[in-house]
Structure formats: C-alpha cells, structure tokens
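Asker: Chain by chain, the residues:
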Amino acid sequence: MDPYCLKKLNQERLARHAAILLTDLGDGRDRVVREGDPVAGPLRDAINQAFLSGTSKVVEIEGRSFFLNVHLPPPRLVVIGAVHISQALAPMAKLAGYDMEIIDPRTAFATPERFPDVRLFAEWPQDSLQARPFDRYTAVAAVTHDPKIDDLPLERALRAGCFYVGALGSRKTHAKRVERLKTLGLNDEQIGSIHAPIGLDIGAASPAEIAVSIMGEVIKAFRARSVQTALRLEKTA
Amino acid sequence: MISHNAPEQILDPLLVAEGWMAEGRDVAIATVVETWGSAPRPAGSHLVIDEQGNFEGSVSGGCVEGSVIAEAMEVIKQGQPRMLEFGVADETAWQVGLSCGGRIKVYVERLG
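Protein chains in written order, with numbering that gives the first Met the number 0: chain C, 0 to 236; chain H, 0 to 111.
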C-alpha cells in the first residue's frame, strides 16, 4: 500500500467522508476514491454500487481484479426532543447499529434518569451543532413539536444533505413549517425531502410503535440514499 | 450490515499502521478480500503487522492470525504482495484452518 494512500484514507475517515480504497490485485497499486469523485471507465458502476451498499468486494473488470474496500462513516441518528418516542427509539437505534444522540434544551425532559443509555445533550441545537455538525451520514428526526427547537436543526440538516430528515407533526403543522422554512431560503426540493408526517405508514399509535416506524424509515433512507441527490442539494445550499 | 470501523477507535488498524509508519517501523497490511460461508470477519477487515511481529486488528476469529503474521513478516522483507487462502481445517491443504467451516482470502502487502 502506498503510504500516501493510507494517510489520505485515514484523513477522509476521520473527517467522516465516505471513501473507497481501490487496489489492483494484479500489481498491488492502489488509490483512494472519495464519494462524489469522478471515476472514468468501467470501474464507475462498481464504485457507485459499492458506495451505496457499503460492501467491500473484489470485482473483475476487463481481465483485471480489483479490491474495493469501502469505508463509510458510521451512521448517526440525531433526535431533537427528549420525548416519550425518543425513549423508545434509543434502544432500537442501538440494536440497529446507529450511533444515536438526543438534543433538547428543556432540562425537565432531558434527564439522565429518562435516558440512561444514550448520549444526551440538554442544550439548544445551535450549540450542539457547533461541536458536532450534521453531515451526509447523519439522520435527523425532530420530534419536539416546538418550532423554536425544531426549525433550526431541520434547516441545518437540509443544507448539510443529511440522508434522512424527518419531522413530527400533522399535515397542518407541517404546512406551517414549510412556510417558515421557505422564508429561511430553502428551496422546494429541499423542503420536499422532509419525511412528514414522520415514520413509515404502519398505523403506529403508541410512542414505541412510532419509534419503530421512524427507525424503519431511517434504515430505508440509508439503504436507498442517492449520492447524486445529496451532492446536488449540498451545492444548491 | 453497517460497517462500524469508527476511526476514533483507538485500536483502529489503519490508524495504528499510520502511527507505526510515522515511528519508522516497517509495516504490512493484511486485508480480507473474499469470504465464503460463515467467515468470522467480513471483506475489508484488516490485520496490521510490524517487522517484529507486533499486530493489531483481525482477519478471523483468531484462527489464522498466526499464519498471516508469519507470512506478513516475509512480505515486509521481500516487498511482494501475497494472496493467502484459508479454508475448513484440512491438513492436506493447510496447516491452519477456520473451525467455523468458512473460507477466506487474505491479501498481504507491505506499506510503502
């Protein structure tokens, strides 16, 4: 392995960027391909597929063997709101392999007693986001119902190209939210990508059932996420 | 499966390899490139080895690491990458095998 490639790969990984280390198994030469980098020729489809699936594998192209080692940042789930749904969601996210955190400035809600096994930040989202900004491998679910708390992280999530942005609230509540987000300068495509009402339509009624529907929707979005769409949204931001 | 090689983990093999390189140690990187059956570590997993035989990471559940380390020390000396294959324990083919019944291919290369 080229020492320069190793350094570059580690840099990308530490910065939470998706990257593939491409090794020609015939001659041992390697290169780092970042997500969104243009790739010419027959390797392009294999690279795009590998970024989407996250699965490392050997591909045979024109008689040569390449190993594609995919390094995706671990997906994060940031929940705005330390509510009943979030209590049910925390263990589910953990089981599904998601790194979850909860942000809620209302200290009556955000207590360690209610959330023993999850990273909890009893602070305003703008403060949390300064330390831990959203990225394309972050899912954001806003569940407080309070525009003072939910709106800013929703705006930031859309601008950061998060692979999932969901917001709790009825259609009527969401219609008002859409108007507010428009005045913040977000375009129709960005606003249209919000999952609202939040969660897959499984007829969820209890907080735990709603948590299941949210987790399912996050997983679906992660598996189907389109690199191109995310890059386009990022550019127009 | 979601990959969980969070780079902030202290024992991340690729960060360890970079650190060793910075200290002037000779390093080999072993990578699982293909698996069949119930292999314990997925393709992409790393074991990194230095010229003294120190290592970090894993390519199996501990079944074949010893053999990979020995090969890696040869690769460090000679510079040519090698492809190793390990299968179900079978003395006619291999001295070491995977007790789980899987089969893996491990690519071993020198860093630099």
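Hints may be right or wrong, so weigh each one.
[Claimed, not checked] Pair by pair, the computed Cβ-Cβ distance ranges are: (1) A21/H / R105/C: 43 to 49 Å; (2) A21/H / E178/C: 38 to 44 Å; (3) E50/H / R33/C: 30 to 36 Å.
Since the hints were made in silico from the structure, they are not lab data. Note that beta-carbon positions come from the ideal geometry of N, C-alpha and C, so glycine has one too.
Asker: Hint by hint, say whether it matches the structure.
Answerer: Verification of the hints:
no.	hint	result
1	A21/H / R105/C: 43 to 49 Å	46 Å, holds
2	A21/H / E178/C: 38 to 44 Å	54 Å, violated
3	E50/H / R33/C: 30 to 36 Å	31 Å, holds
Of the numbered hints given earlier, the model fails hint 2 alone.
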